[in-house]
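As a plain string of letters, each chain reads:
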Amino acid sequence: MSSPLAPPRSFLWSRRIFLTLLTGFVLLPVYVMVSSSLKPLADVTGKFRWLPTELTIRPYIDIWSTVPLARYFLNSLIVAGAATVCSVVIAVFAAYAVSRYDFRGKRVFTVTVLSTQMFPGILFLLPLFLIYVNIGNATGIALFGSRGGLILTYLTFSLPFSIWMLIGYFDSVPRDLDEAALVDGCGPLGALFRVVVPAAVPGIVAVAVYAFMTAWGEVLFASVMTNDTTRTLAVGLQGYSTLNDVYWNQIMAASLVVSVPVVAGFLLLQRYLVAGLTAGAVK
Amino acid sequence: MTTTVEAGTPPVRKSPSGAARGPRRRTGRIHRVGLPYLLLLPALLLELLVHLVPMVIGVVMSFKELTQFYIRDWGTAPWAALDNYKVSVDFDAPVGEALLHSFLVTVAFTLLSVGLCWLIGTAAAVFMQDTFRGRGLLRALFLVPYALPVYAAVITWVFMFQHDNGLVNHVLHDQLGLTDKPSFWLIGDNSFIALLTVSVWKGWPFAFLIVMAGLQNIPRELYEAAALDGAGVWQQIRRITLPSLRPVNQVLVLVLFLWTFNDFNTPYVLFGRTAPAAADLISVHIYQASFVTWNFGTGSAMSVLLLLFLLLVTGVYLVLTSRGRRAAS
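Chains Z and Y, in that order, are what the protein sequence lines are.
So in this note's numbering, the last one in the first sequence is 283, and the numbering has no gaps at all.
So in this note's numbering, the last one in the second sequence is 329, and the numbering has no gaps at all.
Quick caveat, the hints were computed from the structure, so don't treat them as lab data.
Among the hints, a few may not be true.
Derived CB-CB ranges, DEER-like [as the list claims (entries may be wrong)]: (1) Y:Asp229 to Z:Leu189: 55 to 61 Å; (2) Z:Gln117 to Y:Ala81: 31 to 37 Å; (3) Y:Ala81 to Z:Ser172: 52 to 58 Å; (4) Z:Val85 to Y:Gln175: 45 to 51 Å; (5) Y:Thr179 to Z:Ala199: 57 to 63 Å; (6) Z:Tyr31 to Y:Asp92: 48 to 54 Å.
Computed footprint of chain Y on chain Z, listed as stretches where at least three residues anywhere in the stretch have a Cβ under 8 Å from a Cβ of chain Y [as the list claims (entries may be wrong)]: (7) 125–138; (8) 257–269.
Residues on chain Y that point at chain Z, a partial pick, calculated with CB under 8 Å [to be verified]: (9) Ala123; (10) Thr156; (11) Phe159; (12) Trp201; (13) Ser303.
All residues carry an ideal CB built from backbone N, CA and C; glycine is no exception.
Isolated chain Y (complex conformation) (with noise of 0.2 Å):
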């Protein structure tokens, strides 16, 4: 990056005439210090358009009393301070102690879904590290759950969890007779099972993609030096390839987190637009606390928090990872 300078001054610009040098080299200037960010002006202006100024508007929307009367003029609701804070966060009255249930089931899944969809793709990546006949058949298999359109995905699954006529109940039930009736996998408690398997279902290709290019960056030698020394294949893996994906999986984590946090797809379309309380995911409810209520004050705030909540723990991971890797090396 540091020799941008040069490839910005064209050498077009030795102008043999000492005359006219003088404009010239104004003209060039201006073009070299505006073009850059005249390139820039319609990545940034579209980013301002609808991820900034929205979320600063969001955050003064949190301090608005913004039901469905102000909708079309939202400047002229009444300011409500802390009000939407305070209900969001009121843990003893049902709009809070709701906010709370989604609050731990979304961290409940989201740890289960990183952390399997973490395993799977890092073990299938490292299967997957040596050659062998139908390893690229395979993977182009394996990166089909990421290919796929998400609702065209997770409506198969529906289909698959049905009562009456779905998969799932036919082989459990049905066929390998492990329960004593059809179950209900959509609604209940059941439906945080069947979140999770479809998340993970959904998920765990783009680990072991990035499992997988991080695998290509462990210098062979490492492998043959180890192998002289008597190591095996299982004390390779342990003692060198996991190492070494460190840095890879300090990253990974961290936006498989940030992802299944957020996930909305996934639920709305599992569930609908009232997710079941054991799937609650924060979303959704967040989804339906401002357009099934219409109570986008609420709502907002809710964003808010959810937001403060993400930036914290993405600065304590990061902190607490980058020194952990101090440490280590």
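For reference, chain Z alone in the conformation it holds in the complex (with noise of 0.2 Å):
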């Protein structure tokens, strides 16, 4: 607390037992997925073993020849690159145009964008299902079971958070400094790149790692929209636990693998991702 005074025995003992226990909860999976991933096939088998009998990178090198994994990922990582690419790019026009401009529907935009979070997703899996089927079949583009519809889907989940989370990064440029560059000459979408998206690289770069993110751990959409040539790490990675024999190494050292793209993104841009997700719920 912020008394002048220190705590007294009773805060102190409490807090020191409850981030005991809850970091114990938190990190258990945490090492059982590392520890687990260095084991022998025999140590997973049987009882559960807190150490490994012999620590080996076999599992390691394994996991690329039991699934095709190597292709999982390259689609997890093109579909996830994607969509984050086109997600940024299309919430910072968007973000822009509701933070500098005053039009009709402004309101009606945001709140509805919003509002699209709450929605489950089973509600529009079955009719975004047919659309792309029916697209398909008049016009020969195939979006389901491509990777573009996978693409165009998880860009729309982050659009809504992305714009809302760049509006406030955008409202906190000062207006002086695009004021500035139209007088010398900018157009609108000049001050926009010359200026504002400098400014809020912080903020850009946190949307961009949530929409990774989003895209990267999707699973229901995946689950339905890919075929054996597009599928992602989402639905690929439960292809080892269908196998005769379940190989819990490769599968710990094959989700610790998939696992360390994001977390160290989102460990390492923590400050930027939690100021912009909390900044909505806060304000």
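Got two chains here, each in a separate frame; can you build the complex from them with the hints?
Okay, structure coming up:
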């Protein structure tokens, strides 16, 4: 507490006990993931062991051949990467419009976009499935089963929150800056890209991480809208557990490998992301 | 937001030549009026394509007899009037009974999960309000469950909950001897506990994040004044911290509620396509009703009912909480 007096013992002890237990709860699966990924198969098929009988990196080599993990990885990378880039660019335009212009329907737009967040994914999964199938039948553009369809879907998932976060960041960039740019002869878009965007880089990075995490972790649409060649990690990882022998050491190794990019990104950019994620709720 | 008009009229247009002023101003106006819409267009089109149009179609589908025979050309499916809804809410017949059961399970699960996530998140944030050694590291650790991809985290829990080689049974049965024989966690009644554990593990860091941000907005002077008046730490938490968090909690609880109620990823990765009855969350239930039995009409009707329920709860919640806030202030 911010009191000038030192907190009483009851408080310090409660804090110590609570935080210790919580740390244990949080880290338990992380420990299982890391330690099991370094175990030989015998250690994960028998009774659970806290410590490996021997340390091996074999699972990290085998994961690539047991299931086509590299292909899933590449698919996830393409889908999440493309969805992130598109989502950020589109969100930048939309947030700039909302932040810098007054126009009819502004409130309707922001409320509608944000409220799509509350809809159950299952509600528009079925129709979207049909829309993609029918667009494919009518025009020959394969959206269903393709990476393109998934990219299109995922980028709209992160769009509402991204726009919301960026409006906050753009609002905090002083208007004098873009006005000065306009005086210097930049058009509105010039002002956006030469002044506002560079000033809001932390916010844009935060939005990009958020969009990437959203696309990288999505399961529901990936399970319906992909086929053998376009399967992403979210679905592909389950391929290990349907085999006759469940190679838990490999599953843990693969889980760790697919987690590292997002967890590292998140922790590195934690401060920006936290500020952006919480801005809306606290305001 | 009131100053945005000025920002939209670039001073550049103050042309010195009077003759050019007329047409210039007109293009300026088109520019000013049209540009924001142009900037919004991509976002708007995508939201329409992926969210709004499918939702309208979903409502239309719920009135159709849409089985696997009509999927390729769903326009030709015969109208079903309210049949899909009747089937969904006929609680004496198997379909309706299963839906009601799934709904009740989801309500119980959501209340418990949101309550626990909020409680743990708030407690952790309040305990970590003050600086102490290792606080930054701890905060980073606590965010790991939130940052991990859902499937990677949940698949680890699946391993931990295994009957023969999982950690949970090893600790509870072999090491602590709390159970007579190893339990099954992913089938039967225990699956509810397993689902709740994973959901809380994954969900509480978000509450922690939001509450931490909310704590930063409480003025220090309040605590200093309270300390001068002789209030202890516990009293300060009860009298200052918790009441100040009320507006933050209003949003946080609603967001947690909606996310948890709609959660599909956790149960799907934990149990697969068909969840055990004790943990049959509504999203997976509808998914199963639609894609496993290929009955899209009934699935859509269930989805629409779910949306109506969520809208109703959100509406009532917002009215009640804002009235409570007004009465309190």
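To see whether the hints hold, each was checked on the structure:
no.: 1; hint: Y:Asp229 to Z:Leu189: 55 to 61 Å; verdict: holds (57 Å)
no.: 2; hint: Z:Gln117 to Y:Ala81: 31 to 37 Å; verdict: holds (32 Å)
no.: 3; hint: Y:Ala81 to Z:Ser172: 52 to 58 Å; verdict: holds (53 Å)
no.: 4; hint: Z:Val85 to Y:Gln175: 45 to 51 Å; verdict: holds (49 Å)
no.: 5; hint: Y:Thr179 to Z:Ala199: 57 to 63 Å; verdict: holds (59 Å)
no.: 6; hint: Z:Tyr31 to Y:Asp92: 48 to 54 Å; verdict: holds (49 Å)
no.: 7; hint: 125–138; verdict: holds (count 9)
no.: 8; hint: 257–269; verdict: holds (count 6)
no.: 9; hint: Ala123; verdict: holds (6 Å)
no.: 10; hint: Thr156; verdict: holds (5 Å)
no.: 11; hint: Phe159; verdict: holds (5 Å)
no.: 12; hint: Trp201; verdict: holds (7 Å)
no.: 13; hint: Ser303; verdict: holds (4 Å)
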